[in-house]
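**Student:** Quick mapping for you: the protein sequence lines, in order, are chains A and B.
Once you know that position 14 of the first sequence is 14 in full-length UniProt numbering, the rest is easy, because the numbers rise by one and skip nothing.
Once you know that position 274 of the second sequence is 274 in full-length UniProt numbering, the rest is easy, because the numbers rise by one and skip nothing.
Worth double-checking, as some hints may not be accurate.
Taking lysine-lysine pairs in the BS3-like style, the calculated list, with each CA pair at most 25 Å apart, reads [unchecked claim]:
1. B:Lys154 - A:Lys171
2. B:Lys171 - A:Lys154
3. A:Lys153 - B:Lys98
4. B:Lys146 - A:Lys154
5. A:Lys153 - B:Lys171
6. A:Lys232 - B:Lys118
7. A:Lys146 - B:Lys146
8. A:Lys233 - B:Lys118
9. A:Lys98 - B:Lys153
10. B:Lys153 - A:Lys146
11. A:Lys98 - B:Lys154
12. A:Lys211 - B:Lys153
13. A:Lys154 - B:Lys98
14. B:Lys99 - A:Lys154
15. B:Lys154 - A:Lys146
16. B:Lys154 - A:Lys99
17. A:Lys153 - B:Lys146
18. B:Lys233 - A:Lys118
19. B:Lys118 - A:Lys118
20. A:Lys171 - B:Lys153
Simulated from the structure, these hints should not be mistaken for laboratory data.
Number of protein chains: 2
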Amino acid sequence: MNINIAVLPGDGIGPEIVAQAQKVIDAVASKFDHKVNYTNALVGATAIDQVGNPYPDETHEVCMNSDAVLFGAIGDPKYDNDPKAKVRPEQGLLAMRKKLGLYANIRPVTTFPSLLDKSPLRLDIVEGADFVVVRELTGGIYFGEKGRSEDLKKAFDTCTYTTEEIERILKLAFSYAGKRDKRLTVVDKANVLATSRLWRETAQAMEADYKDIEVDYMFVDNAAMQLIQWPKKFDVMVTENMFGDIISDEASVITGSLGLLPSASVGVHTSVFEPIHGSYPQAAGKDIANPIATVLSAAMLLESLDLLDEAKAVRDAVNESLDAGVVTEDIARDGKASKTSEVGDWLANCIKKN
Amino acid sequence: MNINIAVLPGDGIGPEIVAQAQKVIDAVASKFDHKVNYTNALVGATAIDQVGNPYPDETHEVCMNSDAVLFGAIGDPKYDNDPKAKVRPEQGLLAMRKKLGLYANIRPVTTFPSLLDKSPLRLDIVEGADFVVVRELTGGIYFGEKGRSEDLKKAFDTCTYTTEEIERILKLAFSYAGKRDKRLTVVDKANVLATSRLWRETAQAMEADYKDIEVDYMFVDNAAMQLIQWPKKFDVMVTENMFGDIISDEASVITGSLGLLPSASVGVHTSVFEPIHGSYPQAAGKDIANPIATVLSAAMLLESLDLLDEAKAVRDAVNESLDAGVVTEDIARDGKASKTSEVGDWLANCIKKN
Ligand SMILES: [Mg+2]
Ligand SMILES: [Mg+2]
Chain A
1 MNINIAVLPG DGIGPEIVAQ AQKVIDAVAS KFDHKVNYTN ALVGATAIDQ
51 VGNPYPDETH EVCMNSDAVL FGAIGDPKYD NDPKAKVRPE QGLLAMRKKL
101 GLYANIRPVT TFPSLLDKSP LRLDIVEGAD FVVVRELTGG IYFGEKGRSE
151 DLKKAFDTCT YTTEEIERIL KLAFSYAGKR DKRLTVVDKA NVLATSRLWR
201 ETAQAMEADY KDIEVDYMFV DNAAMQLIQW PKKFDVMVTE NMFGDIISDE
251 ASVITGSLGL LPSASVGVHT SVFEPIHGSY PQAAGKDIAN PIATVLSAAM
301 LLESLDLLDE AKAVRDAVNE SLDAGVVTED IARDGKASKT SEVGDWLANC
351 IKKN
Chain B
1 MNINIAVLPG DGIGPEIVAQ AQKVIDAVAS KFDHKVNYTN ALVGATAIDQ
51 VGNPYPDETH EVCMNSDAVL FGAIGDPKYD NDPKAKVRPE QGLLAMRKKL
101 GLYANIRPVT TFPSLLDKSP LRLDIVEGAD FVVVRELTGG IYFGEKGRSE
151 DLKKAFDTCT YTTEEIERIL KLAFSYAGKR DKRLTVVDKA NVLATSRLWR
201 ETAQAMEADY KDIEVDYMFV DNAAMQLIQW PKKFDVMVTE NMFGDIISDE
251 ASVITGSLGL LPSASVGVHT SVFEPIHGSY PQAAGKDIAN PIATVLSAAM
301 LLESLDLLDE AKAVRDAVNE SLDAGVVTED IARDGKASKT SEVGDWLANC
351 IKKN
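Full structure from sequences and hints, please.
**Tutor:** As structure tokens, this is what we get:
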């Protein structure tokens, strides 16, 4: 098939790691006989520097015309350290989310056998953990009405959700569960919050349409505990924006492989695939950054286009590289580190010869 | 000194575990020459059964006239399993919190060397962790205006905070930090929420009054990660109601000693000391429940009355009992379990002879 990918490398290590993901996609395309068209576009600090806007209209056009967006990372210390900066790289991300209608953030949490000793959890607790956190991304208290009283001594934030918003993301979560172990955990605080009660009612009403999925409901404080005590019990977790922010970040550290985790942001118009780590400016241009999270994001991209064998080929290659110790310095043993570009080359070759 | 303690044993294992805490307090009183007057009062399911109200006025009077409240646990399956029950035991807790103005929940998280292998975290990560979570208990989104649109398709919750509410609990948190390692972490989401910005501004303004305390600010999603990655870095954490609910529950499982953790709820009129675990109805009356969390709550009670040596005597006895293996079946090794009452007797004797 023909695949149109918008490539937004962004800042810091973004360009280097995205380049490796492209090598991997190219290898898959040649092996499985697909034609991939890449269109590069500016985002983040790079975009501010060049055209004064962290998410230029031109970039938005490129994204809108793509089947999927491959995203690197954004953020530059020169903006972080300047409190007077009028435009910030991060605003590019928010503008992109909004304009592309990215309503769901998907974070798979998997363990890598060769990295388990980096987990803060006990081996027997974390080994084999494999779940997905689905977070609502455009609603809730982060986007609600907020403000301060006139005397400045009182502040408020409002959390709102509509049945429509909740149904949309629950559909996605049910469908993820259907492709996995068919278990869905709805995380809320329905014993206290009106919005959570709407989430729970909506999910309960949808259960009938997904009879093959086993649904359970868990309060967010309980979920925060169980993630640490029994991470293996989860398959797909779905929750509102703020709970998802906390839970997905908590989940990202339990496997000890924060630098290896990919993500997808599913949108109304297209979807964006990116590593969960940042732009790591100290490492930029040094060919030392770990490209695996971006490569695994490319696997999610392929999966989103229903190219399941292709996605599996990428994941198999990643596992082989970890087993073979062809890894960057952040996870290397005994000082045997490969360069970013070497890891990309190795993965591409591995896919071709497998 | 004369100490007036309101004793509210509550339901399930409540009476048994509170009885052990009283033995311990009596031992301390005799050793340090204090006079303790206990006044028992009804709360929870027991109170509903006897007088139809889970927090009767009479109980409230007893609490108001006390220097401190020693609380067991509430909850009974016969109410949980009856969706039509008009009054529930848990309402007693809410009524008590409200009427006594319990605005802060304090949860110390400590590790017990003999129990570290029960922690879900790696030994080297958790060993020596020792911090306190201070949670605001009467404000925020749990108590804000909430509701549903007329067509029921939209729900909302409101989070509000005033400078006064925030200052009150920050004062308490600063004073806890002053008595400990002099480090305070304010947990918020000030990059997104208006209420969090008010929290942060208020804390920043108070820093000048507590020059000996090192203050840092952490977003709640980051705190949820760091609690697992580096629990030893924290001394006192303070946060708003909902974040505190999530963070304090997450914190309670990292040491593997959930059943041993005490708490204090600090009030305008008096303060309440109770284990963080529940009423464990399956074990009620069997003399097998672990009394340590309640005994350590009694230590917090003594501390709140500035009886620091007395509190230390209780904690030393608890550590000795753990080292000696005089423990209930939930944490016993090699089947060598003591009864609830035996642990209480052992602790009381230990305090007297030390
Ligand atoms: Mg986050
Ligand atoms: Mg809780």
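**Student:** Next pair to validate is Lys154 (chain B) with Lys171 (chain A); report whether the Cα-Cα distance is within 25 Å.
**Tutor:** holds, 18 Å
**Student:** Taking only the CA atoms, is the gap from Lys171 (chain B) to Lys154 (chain A) under or equal to 25 Å?
**Tutor:** holds, 18 Å
**Student:** For the pair supplied as a hint, Lys118 (chain B) and Lys118 (chain A), is the alpha-carbon distance within the 25 Å limit?
**Tutor:** holds, 19 Å
**Student:** Within 25 Å, alpha carbon to alpha carbon, are Lys171 (chain A) and Lys153 (chain B)?
**Tutor:** holds, 17 Å
**Student:** Lys98 (chain A) and Lys153 (chain B): Cα distance at most 25 Å?
**Tutor:** holds, 23 Å
**Student:** Within 25 Å, alpha carbon to alpha carbon, are Lys154 (chain B) and Lys146 (chain A)?
**Tutor:** holds, 18 Å
**Student:** Can the restraint linking Lys99 (chain B) and Lys154 (chain A) be considered satisfied, given a maximum Cα separation of 25 Å?
**Tutor:** Given that 25 Å is the threshold and the Cα spacing comes to 23 Å, the pair holds.
**Student:** Would the pair Lys146 (chain A) and Lys146 (chain B) pass a check requiring their Cα atoms to be no farther apart than 25 Å?
**Tutor:** Within the cut-off at roughly 15 Å; holds.
**Student:** So if I understand the rule, the pair passes when the alpha-carbon distance is 25 Å or less; does Lys153 (chain A) with Lys98 (chain B) pass?
**Tutor:** holds, 23 Å
**Student:** Is Lys233 (chain B) close enough to Lys118 (chain A), meaning Cα to Cα at most 25 Å?
**Tutor:** Within the cut-off at roughly 18 Å; holds.
**Student:** Does the alpha-carbon distance linking Lys98 (chain A) and Lys154 (chain B) stay inside the 25 Å limit?
**Tutor:** Holds, because 21 Å separates the two Cα atoms, which is no more than 25 Å.
**Student:** CA of Lys146 (chain B) to CA of Lys154 (chain A), is that 25 Å or under?
**Tutor:** Roughly 18 Å separates the two Cα atoms, so the pair holds.
Hint compliance for this structure: no hint is broken.
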